[in-house]
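Colleague: Residue-level listing of the chains:
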Amino acid sequence: MHSIQLVNINKTYSKGSNKVVVHNNVNLNIKSGEFVAIMGPSGLGKSTLLHLMGGLDKATQGEIIIAGEHLEQLNETQLTQWRSENIGFIFQSHHLLPVLTAQANVELPLTLTPLTKKQRQQHAQIALDLVNMSDRANHLPKELSGGQEQRVAIARAIVSDAKILLCDEPTGNLDRNTADEILSLLAKLSRDFNKTIIMVTHDTKASKYASRVIDLELYLQSEECAKPPSQYTSLKTEATIEDNRG
Amino acid sequence: MNILVLIWKNSVRKKMRFSLTCLSVLVAFFLFTTLSGINYALNNSTSGINNYRLLTSHKISMTNALPINFAEKIKAIKGVDKVSYSSWFGGFFQNEKQQVAMTAVSAQSFFAIHDEYQLSPEQLVQWQKTQTGVVIGQEIADKFHWQVGDNIPLSSSIWMQRNGLFTWQFTISAIYQGKTASTDNKHIFFHHKYFDRARAYSQNGVSWITTKTNKSADSEKIIKAIDKMFANSPSPTRTITEQVFIREQAQQFVDMAMVIKIVLSAVFFTLLLIVCNTMIQIIRERLNEIAMMKAIGFSTNAIISQIYAEAFLIIGLGAFIGSLLATLTLNLVRAKMADILTGIHIPVSHYLTITAIIIFAAAICCLFPFISIRRLPISQTLGAKQ
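Protein chains in written order, with my numbering: chain A, 10 to 255; chain R, 4 to 389.
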């Protein structure tokens with residue numbers, strides 16, 4: 010099970026002598042296999058939330074429990090290891106390495122695994138096949154279109170068989186048709202491969218593909234956001250908390 | 004795809020920058036290896052053929068003459084094979100702008116000791132018989148179009164004759180060839196007896212005495228024996244091997260070891276700055292890629308290892324080619340300078356030093372990148388914070 014639970018999350022940044030509160034007591038529960046689109050105006054902290062879930066950033070306070078793992082308890086090395094095993098990232102800018110071919114870019118995360126060279130190649134080919142990019146395997150990123158680059162980035166995110174995909178504006182740089190292709194590909198990954206997908210987006214059409222849409226502006230004012238998930242294991246009490254709110 | 008491929012492709016991503024950085028490293032290590040080879044020769048002068056030739060001069064200075072009879076006394080020392088003596092004349096032809104190197108030498112023994120100057124036995128005998136005869140190098144003969152039998156006037160700004168003239172008359176008796184390409188072919192040798200008889204002062208004095216030891220003899224012991232023999236005389240001596248003499252002559256102009264140290268310090272400091280700057284540029288250009296790699300699970304140590312490997316590759320490649328070129332160059336120089344400076348050699352320890360420098364310099368160059376990568380905020384760098 011790869012559910013995601015955010016419990017009483019506070020996130021504050023320091024800007025000079027000022028403190029900027031991005032999130033204050035945010036609670037969120039995402040079930041395993043859900044395709045969640047987080048939407049809302051800029052400045053609400055959508056990406057911050059996504060990065061907290063991916064262990065790229067640390068919450069000032071609160072607990073983040075993903076697949077039973079408390080991220081706030083992990084140090085930098087453990088977080089890095091955890092990310093490589095559990096999370097696939099897809100960014101607005103694909104961040105492919107320009108010196109590597111599509112195939113090599115997809116193989117990159119697998120170099121951290123004990124797989125042999127041949128096994129890595131096979132895995133990468135399967136991932137590229139899944140995103141319909143096997144015919145461009147030997148192309149460099151500069152030889153691909155924006156949509157193709159994003160497909161390669163998706164292949165890189167899923168090649169390690171990460172159960173959770175975190176997508177930050179994956180269609181932000183794409184035209185409508187290509188964006189639709191990418192969204193339907195993500196929906197397919199969620200539907201057919203039971204990936205848990207959390208996507209931050211401004212794309213209003215995302216709701217057509219996601220199994221759940223969170224309008225963050227409304228959500229942050231909701232009762233659901235203010236209260237911890239109905240059931241989670243707190244490290245503070247080392248006990249499963251059952252909510253009897255009804 | 005493996006990490007080594009990524010390291011290589013990242014290294015040569017900007018080919019011009021990679022080439023220029025490698026070139027700067029190459030130049031540094033070329034200088035380092037070349038100067039080290041020469042320095043080795045200067046510091047190891049007791050090896051090689053010149054070790055069998057010792058030079059004895061006045062302890063104070065070579066301008067202070069030694070009594071000519073010291074030569075006979077030295078010859079009596081056990082282990083000494085042959086002894087010769089010489090005096091510096093200087094000299095010029097026609098005007099002081101046409102300087103020639105001239106030395107008054109013992110007619111009987113000089114060429115027996117100095118076999119690098121080769122002349123026919125007939126010409127040697129002819130010269131030995133001719134009191135005002137000179138043996139000249141082929142190069143100087145060609146320069147002034149001189150031939151055997153020519154009478155030539157040569158002047159000295161130091162040595163006056165008894166008749167008050169500074170111009171001396173000589174007859175060319177022989178022309179010598181250098182044994183190797185590096186042998187000095189521009190020298191003029193003439194009879195010390197003639198010099199002694201004709202000069203206005205310093206009779207029976209010589210500038211230095213050359214001793215050739217037996218090959219089985221211990222040069223160090225002979226050096227000590229010579230200097231001990233004359234320690235309490237009015238002309239105490241200082242004896243050194245010919246190679247030390249050459250080194251000291253060179254160091255009258257410049258302290259080679261000091262020059263090497265200064266040059267190398269400057270070169271390596273500049274090298275470090277160049278490579279450090281390159282590595283900082285590389286990191287700055289790749290911040291997004293590094294943040295992405297951290298995001299997908301590469302640890303800081305794994306990424307810094309790759310950066311270290313890139314620095315190692317740049318420095319290592321430049322060092323390898325630079326040292327290789329220097330080794331080839333020194334092989335050529337060794338042949339050309341065989342008579343002047345023997346023992347040019349690059350010891351194994353030099354290559355170990357180079358390896359240590361590569362490892363150390365690459366580590367220094369990765370210091371700032373390491374700090375940058377360690378502090379790199381992934382979320383901020385990926386530009387998604389809202």
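Hints may be right or wrong, so weigh each one.
Claimed, not checked - PhoX-like cross-link-like pairs, simulated, lysine-lysine; straight-line CA separation at most 25 angstroms:
no., chain 1, residue 1, chain 2, residue 2
1, A, K151, R, K227
2, R, K17, A, K151
3, A, K40, A, K172
4, R, K264, A, K151
5, A, K126, R, K12
6, A, K127, R, K17
These aren't lab readings, by the way, just hints derived from the structure by calculation.
Please read these numbers as outputs of a predicted model, since none were measured by experiment.
Colleague: State for each hint whether it applies.
Modeller: Evaluation of the provided hints:
no., hint, verdict
1, A:K151 with R:K227, "77 angstroms, violated"
2, R:K17 with A:K151, "15 angstroms, holds"
3, A:K40 with A:K172, "12 angstroms, holds"
4, R:K264 with A:K151, "48 angstroms, violated"
5, A:K126 with R:K12, "18 angstroms, holds"
6, A:K127 with R:K17, "30 angstroms, violated"
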